[in-house]
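Residue numbers (numbering that gives the first Met the number 0), protein chains in the order written: chain A, 0 to 437; chain B, 0 to 496.
If you're looking for bench data, these hints aren't it; they were derived computationally from the structure. Take these hints with a grain of salt, some might be off.
Said to hold, decoys possible - Keeping only pairs whose Cα atoms sit at most 35 angstroms apart, straight-line, the calculated DSBU-like set for lysine-lysine is:
#, chain 1, residue 1, chain 2, residue 2
1, B, 112, B, 408
2, B, 433, B, 97
3, A, 366, A, 148
4, A, 410, A, 360
5, A, 228, B, 433
6, B, 63, A, 258
7, B, 70, A, 240
8, B, 11, A, 296
9, B, 380, A, 395
10, B, 111, A, 240
11, B, 63, B, 330
12, A, 296, A, 148
13, A, 366, B, 334
14, B, 451, A, 386
15, B, 489, A, 296
16, B, 334, B, 408
17, B, 63, A, 389
18, B, 70, B, 408
19, A, 221, B, 489
20, B, 408, B, 63
21, B, 97, A, 200
22, A, 35, A, 148
23, B, 330, A, 296
24, A, 240, B, 433
25, B, 111, A, 399
26, A, 360, A, 289
27, A, 335, A, 258
28, A, 323, A, 240
29, B, 111, B, 2
30, A, 323, A, 267
31, B, 380, B, 408
32, B, 330, A, 389
33, A, 386, B, 112
34, A, 386, A, 399
35, A, 258, A, 178
36, B, 433, A, 289
Claimed, not checked - Here are some chain A residues the structure puts well away from chain B; computed CB gaps all over 10 angstroms:
#, residue
37, 9
38, 260
39, 304
40, 307
All C-beta atoms in this analysis are idealised placements derived from N, C-alpha and C, irrespective of residue type, glycine included.
The lines below spell out each chain.
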Amino acid sequence: MKTFIAHLHPLLVHLPIGILLVYLLLEYLRRNEKYKLIAPINTILFFIGIGTAVLSIITGLLNADVSTYPEDDIFWHKWTAITTTLLFTLYFIIRNRIFYQPVYVIGFFILLLFSIVATGHLGGVLTHGENYLSFEDDIQPEIQPLQIKNIEEARVYEDLVQYIFNKNCISCHSAQKQKGQLRLDTYQYVLTGGKSGQIIKSGDIGHSEMIRRILLDESDDKHMPPKGKLPLRDFEVQLLKWWVQSGAGNQQHVNEMGKDSITAMAIKQFHQVFSQQSAPIQVERPVLNKFDPAIIKQLQSIGCTVTPLTQQENYYRIVAFNAKDSIYSVMEILQKIAAHVVELKLSFTNANDSSLQNLSKFIHLEKLWLDHTEVGIVGLKNISNLKDLKYLNLFKTNLKETEIASIQFPKELQLISPVPKDTLLMARDSVMVSAIKQ
Amino acid sequence: MRKLNIHQEAKKVSLEFQTRRHFLQQCRTGMGMLALGSMLDGCNYFGGDKENTGLLNANPLAAKASPLPGKAKSVIFLHMAGAPSQLEMFDYKPALQKMDGMDCPDSFLQGKKFAFIRGVPQLLGPQASFKQYGESGIWLSNHMPYFPSIVDDVSILKAVSTDQFNHAPAQLLMHCGTARLGRPSMGSWVTYGLGSENSNLPGFVVLTSGGRNPDAGKSVWGSGFLPSVYQGVQCRSEGDPVLFLKDPNGIDRDMRKASIEAINQVNQVAYQEFQDPEILSRISQYEMAFNMQIAVPDVMNITDEPEYIHRMYGTAPGKESFANNVLLARKLVEKGVRFVQLFDWGWDSHGTDPGTALDLGFVDKCRQNDQAVTALLMDLKQRGLLDETLVVWGGEFGRTPMQENRDGKQNVFKGRDHHSDAFCMWMAGGGIRKGFTYGETDEIGYHAVNGKVSVFDIQATILKQLGFDHTAFTYPFQGRNFRLTDVFGKVIEPVIA
């Protein structure tokens, strides 16, 4: 029963809004000698208006109880509604006293008008959402991630082309809206075309209206999607071109169709960008507590560069090129914030085995530069339990290949080995050789 | 007074606009507004986000986090000043070979302006032979015998376009995002945004070779409206690397130190009083100069590099050369310099003399360039630096498929005129895709047919790799937010790995 009454609210609210607006209008007209006779009718109107307003408030309060709208969002709607009702009542009470003082009465009218509109609008925002009332023609549909594991087996039309249409076009070209009398929500409609006939000439991108449109300059009125809408990316344009060029069918799979390098690239990018699985995985690092900023000051004062990885995170990149003290003492300070250090660059310093003795505390370390230092095998052993380590630079250290081989490195570590190679000479020789062979 | 008809009245009003009285009247209010403007802090009163300018930080060159995660930490930009011919290096056009010597079709000339070509020029076939290399099967010319060994590490952009066909404006556009003077260069933007990781070295170093500075002069590494600490520091590969860095006779290092400290104390006081960011610039420049006295000669000295490195790069210590500069670039980046800008002059192959002939001077240029550049990429790779270093190579525009006919007469040597519609650049390292070409030109290499990118797109991509959204990386100046790419540019996503 309570829910039933509560759910009458969206129905009831229109009554006081309408009636009170008419009341206001008539009050305004009544100031003219000609319409003086309205007065008694208007009094009745006021009571009906206020009555329904009170009913609306009651049902509204009930509705707030039973609905799931967040308290914060309801707050302003509730209080503007109550305020509006009170303001109208106040006006009704004092109207005879101020009626012939234009400043007051007009001011009051404006206030009342404003508050009633505001109340209605806030209510609308609750039910229809923030963006419902906007000057934009339409709202971009949400983009669903691709559900395809192996892009080579995907269907060219269904999975690629239609996906692009759904994402960029059907907000204006579907059953709801048929701009240019064109629908792009199914294959049949795509073939049918729009007001100027077929939009696709299979195998001929030069004479396909659709391709012409998407290739137009962005500032062109005829460009699709129109300026300001979610634009097509280069690789999507490439895919659409490729699809039309190779027959605009709806049966083929990606691996059945010939493609040049640019298309192959576009397909790969498409897959990467729109499927969640293969999207570049951002390293999820745990959220860490803030530490005493004095430590950063201290590190800076001894010549270290301390940079947050990005402006939000509490993780750092430390570079010690200009360290004035020994790396040993740098590391002593640094170990207080060991968990926060993700990149540590000790290149060209006096880092040695003893300075690295606490290295295993740097549990989130991902990149470590020890090139051009004196580290030896003893210090290096400390990295073996750094699970996140992805990059280790040992260039120009005195470590031997056999020593390095004896260490268990984390999986997928990019290791820069100590010995410089005269790669260019080797490479040139191999090129020369292959050139001679041909 | 006689009554005026409407025509006369209009005339009178329009004449009034030219009177001295009117001028003074307008000036009075105009000047007043100007004064008010500067009192309101140069229009920044309402909109300027001071936090953003990084000037509150005592050291303007302190390393800063990028707004987004970025793959690249440093950039080496190799600019071939004069504009190398893409048709003899990367853009293989067999069809152009067949059309060699034919008159250029009218359709290519209509509505076009060239720097030197007049009348109807003749098409000029590629002055090189091409082969495919690497797993990626990229076409390269025989002028670059070394490059094949690293071609699988680079992304070649084959359809870059610009809207300038003269050297100076085109260079400015490439580096400052506008063909006119006064904007900060890319290196300045980057050091402004990221600071430097080595406080003993400048964050933005410029090295020039080829016997001349680029046509656009020092503006291509200027700091424009950014504080002047972010300006490029030009180092010389011959003699003192940075001029005026040595202690004067009779002044030792301690005395120098004491005097710099005293000067900076005075400057500090002045800064407290006036809050002028240029004072901070000055303070940090004094300090840096002091540190640089030791660090710069050290890093700029290539003589103690091992023999194999010299063989690899083709360097000759003690001379000004591109190879030396390339090796220096590697050394600087290794030491944390943020942006190294190289200009190598001498690629302007018009064919007016042997030095600018495509079959003579140009070939030498390619060879020198090829060895050093290949060595750079290999060296960065073996040092594990290529992932964090973005290397960009290119000129300010390209060259025409037609042979130049200066003033309507065929040039004596084989040469090409400036061409802005399509040319080649490449990028490597710093999160760029490996072994890839993007973009295509028509049969004769005149227009882009797909994958066309603009100079702004290149800038946007470089910034993206460093962790910036080029549309959000701005600096407030004269009441509006400026950015490197102005209102243009789109990140070239296909070349990003």
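Tested hints:
1. For the suggested pair residue 112/B and residue 408/B, the alpha carbons sit about 17 angstroms apart, so the restraint of at most 35 angstroms is met.
2. With a CA separation close to 32 angstroms, the supplied pair residue 433/B and residue 97/B stays within the 35 angstroms bound.
3. This hinted pair checks out: residue 366/A and residue 148/A have alpha carbons roughly 31 angstroms apart, not beyond 35 angstroms.
4. Simply put, residue 410/A and residue 360/A have alpha-carbon atoms about 19 angstroms apart, close enough for the 35 angstroms limit, and the pair holds.
5. The suggested pairing of residue 228/A with residue 433/B holds, with an alpha-carbon distance near 32 angstroms, which does not exceed 35 angstroms.
6. At roughly 44 angstroms between alpha-carbon atoms, residue 63/B and residue 258/A are farther apart than 35 angstroms, so this suggested pair is violated.
7. Between residue 70/B and residue 240/A the CA atoms are separated by roughly 31 angstroms; this keeps the pair inside 35 angstroms, and the hint holds.
8. Straight-line distance between C-alpha atoms of residue 11/B and residue 296/A comes to about 71 angstroms, which puts the hinted pair past the 35 angstroms bound.
9. At roughly 14 angstroms between alpha-carbon atoms, residue 380/B and residue 395/A fall within 35 angstroms of each other, so this suggested pair holds.
10. Note on residue 111/B and residue 240/A: the hinted pairing holds, with a Cα-Cα distance of about 30 angstroms set against a maximum of 35 angstroms.
11. Taken as a hint, the residue 63/B and residue 330/B pair is honoured in the structure, with Cα atoms around 22 angstroms apart against an allowance of 35 angstroms.
12. Taken as a hint, the residue 296/A and residue 148/A pair is broken in the structure, with Cα atoms around 48 angstroms apart against an allowance of 35 angstroms.
13. Restraint check for residue 366/A and residue 334/B: the C-alpha separation of about 17 angstroms stays at or below 35 angstroms, so the hint holds.
14. Between the alpha carbons of residue 451/B and residue 386/A the distance comes to roughly 43 angstroms, so the proposed pair goes past 35 angstroms and is violated.
15. A threshold of 35 angstroms between alpha carbons decides the hint, and for residue 489/B with residue 296/A the separation of about 39 angstroms lies outside it, so the pair is violated.
16. A threshold of 35 angstroms between alpha carbons decides the hint, and for residue 334/B with residue 408/B the separation of about 51 angstroms lies outside it, so the pair is violated.
17. Taking the CA atoms of residue 63/B and residue 389/A, the gap is near 23 angstroms; set against the 35 angstroms cutoff, the hint holds.
18. Using a Cα cut-off of 35 angstroms, the hinted pair residue 70/B and residue 408/B is violated, with the two alpha carbons roughly 50 angstroms apart.
19. Proposed proximity of residue 221/A and residue 489/B is supported: the alpha carbons are some 21 angstroms apart, at most 35 angstroms.
20. At roughly 56 angstroms between alpha-carbon atoms, residue 408/B and residue 63/B are farther apart than 35 angstroms, so this suggested pair is violated.
21. Taking the CA atoms of residue 97/B and residue 200/A, the gap is near 33 angstroms; set against the 35 angstroms cutoff, the hint holds.
22. For the hint linking residue 35/A to residue 148/A, the alpha-carbon distance of about 77 angstroms lies beyond 35 angstroms, and the restraint is violated.
23. Distance restraint check for residue 330/B and residue 296/A: the Cα-Cα separation of roughly 29 angstroms lies within the 35 angstroms cut-off, and the hinted pair is therefore satisfied.
24. For a cut-off of 35 angstroms, the pair hint linking residue 240/A to residue 433/B stands: about 25 angstroms separates their Cα positions.
25. This hinted pair does not check out: residue 111/B and residue 399/A have alpha carbons roughly 63 angstroms apart, beyond 35 angstroms.
26. This hinted pair checks out: residue 360/A and residue 289/A have alpha carbons roughly 18 angstroms apart, not beyond 35 angstroms.
27. With a C-alpha separation of about 55 angstroms, the suggested pair residue 335/A and residue 258/A falls outside the 35 angstroms cut-off, and the hint is violated.
28. Straight-line distance between C-alpha atoms of residue 323/A and residue 240/A comes to about 60 angstroms, which puts the hinted pair past the 35 angstroms bound.
29. For a cut-off of 35 angstroms, the pair hint linking residue 111/B to residue 2/B is broken: about 55 angstroms separates their Cα positions.
30. A threshold of 35 angstroms between alpha carbons decides the hint, and for residue 323/A with residue 267/A the separation of about 48 angstroms lies outside it, so the pair is violated.
31. Restraint check for residue 380/B and residue 408/B: not satisfied, since their Cα atoms lie roughly 48 angstroms apart, outside the 35 angstroms limit.
32. Pair hint residue 330/B plus residue 389/A holds up; C-alpha atoms about 24 angstroms apart against a cutoff of 35 angstroms.
33. Only pairs whose Cα atoms come within 35 angstroms are accepted, and residue 386/A paired with residue 112/B is rejected, the gap being roughly 61 angstroms.
34. Straight-line distance between C-alpha atoms of residue 386/A and residue 399/A comes to about 23 angstroms, which keeps the hinted pair within the 35 angstroms bound.
35. Taking the CA atoms of residue 258/A and residue 178/A, the gap is about 32 angstroms. The hint holds against a cut of 35 angstroms.
36. Distance check on the hinted pair: residue 433/B and residue 289/A sit about 39 angstroms apart at the alpha-carbon level, beyond 35 angstroms; violated.
37. Consistency note on residue 9/A: stated as away from chain B, and its beta-carbon is indeed over 10 angstroms from all of that chain's, at 41 angstroms minimum.
38. Look at residue 260/A: its CB is around 7 angstroms from the nearest CB on chain B, not clear of 10 angstroms, so calling it non-interface is violated.
39. Not every C-beta of chain B lies more than 10 angstroms from that of residue 304/A, the closest at about 5 angstroms, which undercuts listing it as non-interface.
40. Against the 10 angstroms criterion, residue 307/A falls within the reach of chain B, whose nearest CB is about 4 angstroms from its own CB.
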